[in-house]
Amino acid sequence: MDNPSLTWNEFDRYFYEKHDFYQMEWEDIDLSNYIVSASRFGGLLALILDDSKVIQINSVSVKHRIFIYTSSGVLISQIDYGNKKVKGVGWTLDERLLVVYEDCSVMIYDIFGEIIKTVLMTQEKDQELVYRTVVWENGIVILTKKDRLLVIESMDDPKIMEYTLPLKLGAVTAMEIILPFFTFSGHTEVLISTLDNRLYILAEKSEPLEIELDEGIVDLVISPTGKLLAYYTTSGSLYVVSTDFEKNYLKFNCNTKGSPKQISWCSGDTVLLNFEKNNLLLMVGPSQSYLQYYYYEPIHLVTEIDGTRIISNTKCEFLRKVPEVIVPIFQLGVSSPAAFLYDASEAFLNVTSKGDETIRMILKNRELTLAVDNCLEAAGHSFSLEIQLKLMRAASLGKTYLDGYYHDDFGIMAKDLRVLNQVKTFDIGMCITYTQYKKMGVGLLIERLVNRRFHYIALKICECLAESKDRVLVRWACDKVKSSGSDEDILNSIVSKLGKEKGISFASIASVAYSEGKKKLAIKLLDHENSASQQVPLLINMQKPERALIKAIESGKADLIYLVLLHMINDPDYSEEKLFGIIQNKKIAINLFVKYCKKKDPGFLIKLYSELKQPTKIGLFKIVESYQTNDFNEIMKLRNVSSMAFSSSKNTFFKKMTDENIKFLNFQKQLEEKTPLKVIGHTINETLTILIKREYYKEAKRLKKMFSVPNERFWWVKMKALASKHRWKELFDFANNEKSPIGYEPFVDICIQNSVSDQALKYIPKIKEPITKVKYYLKLKKFELAANVAISQKDQTLLDDIRNRAPKNLKIPHNI
Amino acid sequence: MTEVIVNLEDSRLLHNIQVLREQCLNEFLDIIPETVGSGSMALILDPDLTGPLGLVVEPKVLKQCPISTITELHDQPFESKDNKFLFFVYPRLELMAIIAKYIFSQEKVIPNCEYTVVFVPRKTMMCERELEKLGVLGNVTLEEFHMDLIPLDEDVLTMSVKGAFRQIIDQDTSNLIDVAKSILKFEAAFGQFNEIDWIGSNSEIVADILQRTKNFSSKNNDQLFPSQVERLIIFDRKVDLLSPIVTQLTYEGLIDEIYGIENGIVQLDPQVLGHRGNKKERKPLNSNDILYAMIRDMNMGKVGEFFKKTAKQIELGYENRNIVKNLSELKTFVKKLPSLQAEHHSLDTYISIYEDIVKLTGGGSDLKKRIECELGILGDGRQFYDYLKTQIWKEENLNTVLRLLCIQSLSSGGLKNKHFDFFRKEIIHTYGFNHVNTLANLEKLGMFKKKEGNKFDQIRKNLKLFDDNFLQTNDISLVHSGYAPISIRLIQCLFEKKRGWESIDDIIKNQIGTHYGKVDLPKSKEKKINSNINQSNNTKKKLCLVFFIGGVTYAEISALRILGQKENSNVEFIIATTNILNGNKLIQSTFEIKK
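If you're matching them up, the sequences are chains A and B in order.
Quick note on numbering: numbering that gives the first Met the number 0 labels position 133 of the first sequence as 132, and the sequence is numbered without any gaps.
Quick note on numbering: numbering that gives the first Met the number 0 labels position 442 of the second sequence as 441, and the sequence is numbered without any gaps.
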C-alpha cells in the first residue's frame, strides 16, 4: 500500500484526511427526502420522511415510519408511529430512540420499535403544540407554539422544568443548547436566535440574557466541548465565538448564495458548512483558511468527538484531523523515532541488516520506548488493516530490544484492535474510531451490541477483554424469554447456559417473562434467583405473596418480611382472612408482625391474636395499654377486656388476678371518694401501708379480708408502716395483741434500724430461740442480759463467749 | 486519665484482633466530614449507642473531629446554633419520630440545615418508611455505620445490643441477620471456619443464613492462608436460661453482680476505694492489667489467698523482714513503695474492691444467704419456699426474688400448682398488677412455671453440673462455687466427647429440649495443608469462636477461659456475643411495663 500521507490534505497547519467507511447497502434512498438523526460514536441512523418536502416516491410504506439503519446502510427495523407528526428525533447513548411528537408527547423506543417509555411534556387539556425541539442524548428541550420553554435533563428520571422566556420573543430562527456539564449552573442552557437580530440565553430559574447582534442568525451550533459557538448570519458570514461571548475567534464571509443546510464541527476548532444546493461542503479553519469538497448528492453531517461522519446516498465517510501520533510516522521528509522504527521493521521483512542498526541507534538515543508506544498508538488510530499490521509489527519488533518493557500495553492494543475491526464489519456497521472507543468505554459498546441482539459477539468481546459476562447473558436470556417456544424449552435452555454462572440476576429475567405474560415461566425462573432482595419484590408484584413470604423468611431479612406483610395489609385485594391464612404457620413472620403492630397498629394486633386463637396475649396486651393512660374509666374498660380474654383462654389464674384487680380498683376509687387519700396507682401492699399510716384501720382490715392477704404479709406491712411513723407504743401493742406470725426478730431489727434500742429490747424476750436472743443482746451491748439467757440455758461456752466480748468492768458471772 | 479502650497490640490469642475495631473506627471517620465549611456540626447519639461507641472511638479522636456539639437523642424540643446534624441511631422505629421532631423544631430556628441519619449497623426499610411518613425523608441523607462486633477485650467481642435478650423473649429474629453478617465479617478478616456447630433455634436461623451464603458465594473455597480461627459454635441463650441467673462467684462476676460492668468499665463509689468525694470513679477492667487478668476468673474464695501470696512475693522481693499478716497490712505496705506506685495502685484498687465484696457477701448478709440457697437448690435439689415467702413479704428487691424463684423452678421442672399460684399472687399484690406481664414472660420462657416432670436431676447427673470439690479440681464449676453452667458444659462436651453433641444427643434433645446441627461446609484443600502444619506445630492450641445469641455472663466467659487454659485442652476460645448479660439484666428485660 502507498504511504497514507498521500491522501492527506494540509489545512491550517494540520493534516486532514477523509476515510471511506462503507459503500451504503441501501439502494433507493435519497437523503434529500429524509430527516436524518444519527447516534454518536459511529452509531445507528434514523430516517424519517421529511413532511416539508414534496414526496417523490409515492409509496404508502414510507409514510409515518421511522427507518433504522446501520452506518453501513443495513436496514434494522421500521417503526410505525401512526398518525402523529414527528418534530424531533434523537438517540440516547445506549441507542434508544427518542421521538418528540407535535402534541408534546415524547416516546422512547428500542431499536426494534418497542415502546420503552412515554413522557407527556404538557397536560393533554392544554393542547400545546411543539414549535421547535432539540433532542440530545439524555434530554429534550421543547419550545411550544404558546411560547413555553420546557426542559427535561434526564429521561431516566423525567422532571419537567420550565424556563422563563423573554416577554416579546420574535420569530425564532434557530435553537441550540449547552449541555448541563458545560454550564456554570449545572443545568442545561438554551440559546434561541430570532429574526430581530437577537440571541437569548435561557437558564433555569433566571431571567433571559439578551444579546443584540448586528445581523440575524440563521443557524447556530455549539462545539462538542461546549466551549465554542459557531453561527451563520443572514449576510452569509460564519462567526466563531466563545460560549460566554467574551472572545470572537472568527468572522468568515462565505461568499455563497443561500444558507447552509447544516453546520457541523470537525476535529476541534474547524467548522463544516453543508451548502447542499451548491453541491459544496465548505471547511473553515480558525485562521480564515478554507477547503472545498464537492458532493453531487445530498449529504448529512454527524459531529463526532474526533471528526465528522458524512453520510450520503452512496457512502459513509469520515473526515478528521489526522491524529498527531500518526503524522510524524508517515509525513514525507520528517523523521521521528517511531518513523525509524517503522522503517526498520519494514527493512527486517526485506532481510536487510539496516533494520537492526537503525533500532540500535534509536535505543542508543533512548527513544525506543517512545517509538514503540507511538507505533502502538498509531496502529489504534489507523483505519487500514494493513497499516495496523505493519505498525503492530514495528512495535513488536521494537519491544524485543527493550528490557522491562510493559508488555501488557501491546496485548491490550491487539485486543482493542480485534474488537474494533470486528464491530466495524459491514453487518454490524459500527464505525468507531479508537478515540471514540476509548471515550465511550467497553460497557457502552457491549450495551449497544446487546441492544442489537449480537449476543454472541458481545459475549466473545467480554471474554476477550475479560469483562463480566453477566449482563450479556441476562440480556440474552431476556430475549430468549420473549421468543416463542414452550416454557419448558425456554427454561431448560436458559438454565443450561446460565445455571452455572455466578451472580446472574434471574430476577430480571423472570421480570421480563412476567411482563410478557409468561407467569409460570417467571416463577420457575425466580426459583433460580439467589438474592432474596431481588426475588421477593417480584413475587409480590406477581401476586404470589405466600411464596414471597417464604423466600423472605428464608433470607432472614426482616425488611423483606415486612415488605410482604405491609404490601398485603395495604392492598385491598387481600382480605384479612387471606392474610391470616398465609402467615398462620409462619412463626417468624408473626413475631415480626406483632412487634410492628405493637408500635404502629394495636387494632390489627388484636385481630391477629384472635385469629391465631391467642386470647391470653390479648389480655396481656390490654394490660400494657392500660398503663399508658391515667383515665380511670379507660383502665376499667381495658381490665374488663383482659378479664374476658383470660376467661376465654381458660387462664384461670390471670382471670382471677384481673377480676381481683378490678375489685381493687373499685375499692380504691370508693376510698378516694370517701376519704382525702390518694391511692389509685398503688399496689395492695402500698395501699395497706397508706391506710395504716393514716390510721384507717377499718378500711385496712377490709382490704386485707377482701383480697385474703396472708396474715404474715399483713404483719410485715403494718409493722413497717408503724415503724416508719415512729409510732412505737402502737407497734408494741400490735405485737402484744396476738402472737406474731412472723416472729419477733423483725420487730427487733426494725427498731435497731431506726436506732431505738430501748424499743428493741422490749421484743427480745419474746423471741423463742435463746441463741437469737443472745445475738440481739450482744448487738445492743446488753451483756448482762445476754449472760442471763446463757445462765438460764445452762450454756457455759456461750457464757464464756459473752464474757470475753463484754468490757472488763462489767461483772459477768463466771459460772452458771 | 486511664486508657478506657483496651489495648490490643499484643493480643495473645488472636493476632490482629484490633482490625475489627480499626475497621469500625475508619468507617466512623469516613462518615464524619473532615471539614464542615460554613457553620458547625452537631453529633446526636442514640443513648443506647453512647457506651458501645466509646469502645471504638476514643474521646481524643472525637475531639479532632470538626464537631461542636455532642448530645444524646431525647424526646424534647431542641434548639441549636449548629446547621449540620449527624444522628447516630439504632434502627428503632420510635426514634424516627424524635428525629423528625428535632428537624421540625430546628428548621424554625435555622432553615435548610443539613441532616444525616446514620443507622447502626444497617438501615432498615421500616425506618426509612417511617421517616417518609413523618415527612422528613427529603430533608435527610441516610447512611450506615456497620459497627457490629467490637472487641471488649483480647478474647471478647460484643455487638453491644442492649435489647438482645428482650429479642429472645419476643422471638424477634430481625437482628439475627446482623449476627450472621458479623460472622461473615469475622471470617473475612481471620479466614473461613472449618467447622460450624449450632445449638438452639435462633442459632439455627443464623446457621441457615450462613449456609445459604456459603452455597451461593464463590465455590472456590481454597484459601491461601490457613484460618486463624478454625471453629465456630453458635449458642442460643434460650438453650440455657438457668446459668445467667445464678449468682456469679468469680471476682469479675461479683463485680458485675454488685456494681455492674458496662462496656468494660465499672463505676465505683469513691468510698469503696477508700477515697473521698461523691463522684463515681470509672475503672476499666480488662486484660491490659496483668494483675486483673490473673484474678478475674478466680473463684472469690481464692482471691484473698492470691492477694496474700502476691503480697508475700512482693515482700520477699523487696524486703525480707516484715511478714504481711493480713490485708490491711498489705495495703499499708503497698503504699510504702512509691517507685512502683502505678502498679501498686491497681493492686490497691483490686484489694479495696475485694474487701468491699467480702463485706457484702460476709456471714449474715443477704447476698450470702442467697448464695447458700442457690447452691442448696442446685446442688441438693432443696426447696427454700419459706425463705422466698419472707423475702417477698419483706418486699425485697423483685429482681433477686425472681432470680431465686426461677432457679427453684428451673431446677425442679416447675412449681406445684399451689406454690406457683401462691407466689404469683404474692408478687402481684406486693410489687403491682403490672407484673402479670412479667410473670407471663417468665412462663413463656419456661423459667417460672407450673410443674410438669423434672428432668433437671438427670441433666445435673449427666452433665455433672455440680462439683463440691471445685477448688481442687479447677473445674469450670468454680465460677459459681460448685455449679457448672450448662452452656459451657455443652461446649465442653463438643470437645471432650468422641462424637461431640451426638454422643449426648438424648440429653440435648429430650432433657434440655433443644436441637443442634452443623453447617455443611465444602471440604477444602486447605484443610489438608493445615493438618500438616498442625502435626509439625502441635504445641499451639487451636482457636474456636463461640457466639452467644442473647447474651453471655462474665462467669461463662471465665468458664471458657478456664476450659481453654487447662493443660490437656487443645483449644482456646474467643467469645463473641450480642451483649453481656447478668441475672439482673435478664430479669429486668422481662419487665414489660415500667411504672
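It should be emphasised that the hints constitute simulated quantities derived from the structure, not laboratory data.
Just so you know, these numbers come straight off a predicted model, no measurement behind them.
Do not rely on the hints blindly, as some may be mistaken.
[Claimed, not checked] Below are the DSSO-like pairs computed for lysine-lysine, each with C-alpha atoms no more than 30 Å apart in a straight line:
#1 A:Lys767 with B:Lys80
#2 A:Lys697 with B:Lys424
#3 B:Lys593 with A:Lys606
#4 B:Lys593 with A:Lys649
#5 A:Lys320 with A:Lys353
#6 B:Lys415 with B:Lys237
#7 A:Lys738 with B:Lys593
[Said to hold, decoys possible] Away from chain B, derived, C-beta distances all over 10 Å, residues of chain A:
#8 Asp50
#9 Gly112
#10 Leu249
#11 Gly332
#12 His380
#13 Gly484
#14 Lys518
#15 Lys738
#16 Asn814
Every residue, glycine too, gets a C-beta built ideally from N, C-alpha and C.
Results for each hint:
1. For the proposed pair A:Lys767 and B:Lys80, the alpha carbon gap of about 72 Å is over 30 Å, so the pair is violated.
2. A C-alpha spacing of about 23 Å is found between A:Lys697 and B:Lys424, which places the hinted pair at or below 30 Å, so the restraint holds.
3. Between B:Lys593 and A:Lys606 the alpha-carbon distance is near 26 Å, which keeps this suggested pair within the 30 Å criterion.
4. Pair hint B:Lys593 plus A:Lys649 holds up; C-alpha atoms about 27 Å apart against a cutoff of 30 Å.
5. The suggested pairing of A:Lys320 with A:Lys353 is violated, with an alpha-carbon distance near 33 Å, which exceeds 30 Å.
6. About 23 Å separates the Cα atoms of B:Lys415 and B:Lys237, which keeps this hinted pair within 30 Å; it holds.
7. For the given pair, A:Lys738 sits about 38 Å from B:Lys593 by alpha-carbon distance, which is inconsistent with the 30 Å threshold.
8. No Cβ of chain B comes within 10 Å of the Cβ of A:Asp50; the nearest lies about 45 Å off, and the non-interface call holds.
9. A:Gly112, annotated as away from the interface, keeps every beta carbon of chain B farther than 10 Å; the closest lies near 38 Å.
10. For A:Leu249, the shortest C-beta to C-beta distance to chain B comes to about 43 Å, beyond the 10 Å cut-off, and the non-interface label holds.
11. With a least beta-carbon separation of about 57 Å from chain B, A:Gly332 lies farther than 10 Å from that chain, consistent with its non-interface assignment.
12. Against chain B, the non-interface label of A:His380 holds: every CB pair exceeds 10 Å, the least being about 40 Å.
13. Residue-level check passed: A:Gly484 sits 29 Å from the nearest beta carbon of chain B, beyond 10 Å.
14. No beta-carbon of chain B is positioned within 10 Å of the beta-carbon of A:Lys518; the least distance is around 25 Å.
15. Look at A:Lys738: its CB is around 17 Å from the nearest CB on chain B, clear of 10 Å, so calling it non-interface holds up.
16. A cut-off of 10 Å between C-beta atoms confirms that A:Asn814 is not in contact with chain B; the least separation is 29 Å.
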